[in-house]
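For reference, the chains in residue letters:
Number of protein chains: 6
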Amino acid sequence: MIYLTRRERFNAAHRLFLQEWSDEKNLEVFGKCSNPNWHGHNYELFVTVKGEINPKIGFVINLKHLSKIVRELIIEKVDHKNLNIDVPFMLGKITSAENIAISFWEELEPEINKLNCELHCIKIFETENNYIEYFGK
Amino acid sequence: MIYLTRRERFNAAHRLFLQEWSDEKNLEVFGKCSNPNWHGHNYELFVTVKGEINPKIGFVINLKHLSKIVRELIIEKVDHKNLNIDVPFMLGKITSAENIAISFWEELEPEINKLNCELHCIKIFETENNYIEYFGK
Amino acid sequence: MIYLTRRERFNAAHRLFLQEWSDEKNLEVFGKCSNPNWHGHNYELFVTVKGEINPKIGFVINLKHLSKIVRELIIEKVDHKNLNIDVPFMLGKITSAENIAISFWEELEPEINKLNCELHCIKIFETENNYIEYFGK
Amino acid sequence: MIYLTRRERFNAAHRLFLQEWSDEKNLEVFGKCSNPNWHGHNYELFVTVKGEINPKIGFVINLKHLSKIVRELIIEKVDHKNLNIDVPFMLGKITSAENIAISFWEELEPEINKLNCELHCIKIFETENNYIEYFGK
Amino acid sequence: MIYLTRRERFNAAHRLFLQEWSDEKNLEVFGKCSNPNWHGHNYELFVTVKGEINPKIGFVINLKHLSKIVRELIIEKVDHKNLNIDVPFMLGKITSAENIAISFWEELEPEINKLNCELHCIKIFETENNYIEYFGK
Amino acid sequence: MIYLTRRERFNAAHRLFLQEWSDEKNLEVFGKCSNPNWHGHNYELFVTVKGEINPKIGFVINLKHLSKIVRELIIEKVDHKNLNIDVPFMLGKITSAENIAISFWEELEPEINKLNCELHCIKIFETENNYIEYFGK
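Chains as they are written, first to last, in our numbering: chain A, 1 to 137; chain B, 138 to 274; chain C, 275 to 411; chain D, 412 to 548; chain E, 549 to 685; chain F, 686 to 822.
I should point out that these hints are in silico values taken from the structure, not numbers from a laboratory. Remember, predicted model here, so these are calculated numbers, not experimental data. Incorrect hints may have been included.
[Claimed, not checked] Each computed SDA-like pair below joins lysine to any residue, with the alpha-carbon atoms no more than 25 Å apart: (1) Lys580(E) x Asp627(E); (2) Lys762(F) x Glu298(C); (3) Lys299(C) x Lys467(D); (4) Lys488(D) x Ile617(E); (5) Lys411(C) x Cys444(D).
Can you make the complete structure from the sequences, with help from the hints?
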């Protein structure tokens, strides 16, 4: 079993808040991440898959294929976008890094499992000091 | 003459556009940076000052003082904010990295020149692949 | 289950040695890390916790709370300090990265387990080429 | 149980191809990695071992010993070399990062297991966007 | 005057040697960089241009245009290539980082000077420990 | 004219203080950097030289020679040492990054100027957020 990881990046705006709460209540719970006029990040996304090597060609999968899937299903939908407004699969969700990771897993898993591998981990850096990992359960 | 550099970071939303232009025209000129619902970045800011060493204490200036000035005059005003809406000294300007650098210079120079040094360079990374430097002229 | 990681940094002096050994014996076992007049590092600390998402707010825990705990219990006690002399919870221990990781685990676990999560991993970089991970057992 | 990781680096040329295939077929499967005149990388290698702390000296093993083993068994054989031609233990293998990781594991495991620890993971970065991990099974 | 920098990357094989010298003589002068079967690098290229801001749009130039020029004139010709054999503008030259920097300058300057800016610096990292800068004279 | 830069690293302890001042006065001026029991850093040193290319071999100088000089004259004397006590050329000086940079310049310049180049810049990172540059005047 080999684990392969591909890094992709995207730049997006977002805001953490509950619509049913006042700005004051949102500020109390989410801090400056609830600024009503949005803020943003250079997100770094690490997608890890695992599988057996195809002995003929020495690959589990071609990382270019993995990159292509991640770009089509995720990056094109979130890069230079507002995660709360512009991204169909995030609508109605709090755009915490936790929820982003789970949503990306749900988008990627069906396509990745058609390849010779399994999705293993979604890792997201929101800043150089904070990251989230999700392993699908 | 010694050059000292302090790195600070901020996370902000912005959009590149001219109000007088249509979304199509803005898209043509500014590309995906003109997305109407904003996007954002983890900006990295490097402030470089230059001066003579105070021979008694071996410092040009205490970098903590420089950091304090940069945080008060810049970081507190831009971190977790929308650069187009929330930042008084950016109002009415296109929030390109070029203009951000010049505006930061204008905010910082008067305060930094009260110290035993001169502002030398404002350097801003918008992504790991792009940065801007401004030397005040 | 989601894993969250927070990075913190501290700058400290230390020395690897056994008081009962001669300088020569210490040099033989610990190499230049046993220099009698100390040396030091910019340590990087990664604290990983795991837990379930609070579905209401989309968080496992607020990473600001985690950061606050790590700063109060660890960083304030080790930053700009001598790990062999100044840090109560390291006294009498060899200040290897292994022992630092275990000691940090012991300091952090009781407080972190009061939150909606469990301590999962302490990871410490001593240099860009060396790091240690401890998972509590 | 403590996990220790040592980073080493090497610069090497390689090419992905099957001798039995035409250049066209190799290009179709391996893309530009099959360029007949080679290309190359600054590879980063992370070797992770695990073991119990020796309570007397606070170490699992001295990371200098681990570094020495990795340099003698791996780095001296691959650094500034052609992985397809110059490296005895890669001969006849496709020089994918997957196969490099498995081959390094096979070279290192017998020597590392003579120390007070077990080989846990071989991690190889081929570029800043791609890495492979192998855990020995 | 504003300075803009764009980072691009390429992976290439090369060898330092003089055809008229024996392998022994080449080894003496160029060290392991003269290995007859090539070695390679993940090169990082930083292209810096300088110019006045277009006040209407807040840009000196669109960094996407700069990136496009660098990719077309440089990256497509050197990425996943052998710098000694595959790159027309390097033929007959020693492929030192110095010569690479000068050659890239000569390829880029005419195209960049058609934009609203001037080429200022070519910076090339061969490894994380070595880089070269060339300012055109 | 080409500029070449070599990165080297060292880990050292130090303390900022004036012997003639009380601990309180030192704390007031130097902050936590004056902790009486020392602290330390992973210093990063960038040495930049400039010169003309030797057209025969495509080098200004062999960066291995530069690295050898820097290691012999600087790194061996400061690595895993106490900068205030163990380093002859720092004795009696405040071990600020400013003074370290100037002292390194004085140690390196005579030897580097015997090569086919001139010393151009000493750059020292004390932490990831602070660095000093000195150009010899």
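Hints versus structure:
1. Lys580(E) x Asp627(E): Distance of about 22 Å is within 25 Å: holds.
2. Lys762(F) x Glu298(C): Cα-Cα ~19 Å, so holds.
3. Lys299(C) x Lys467(D): holds (14 Å)
4. Lys488(D) x Ile617(E): Not satisfied, since the Cα-Cα distance of roughly 39 Å exceeds 25 Å.
5. Lys411(C) x Cys444(D): violated (43 Å)
The structure is inconsistent with the numbered hints 4, 5, although it conforms to all the rest.
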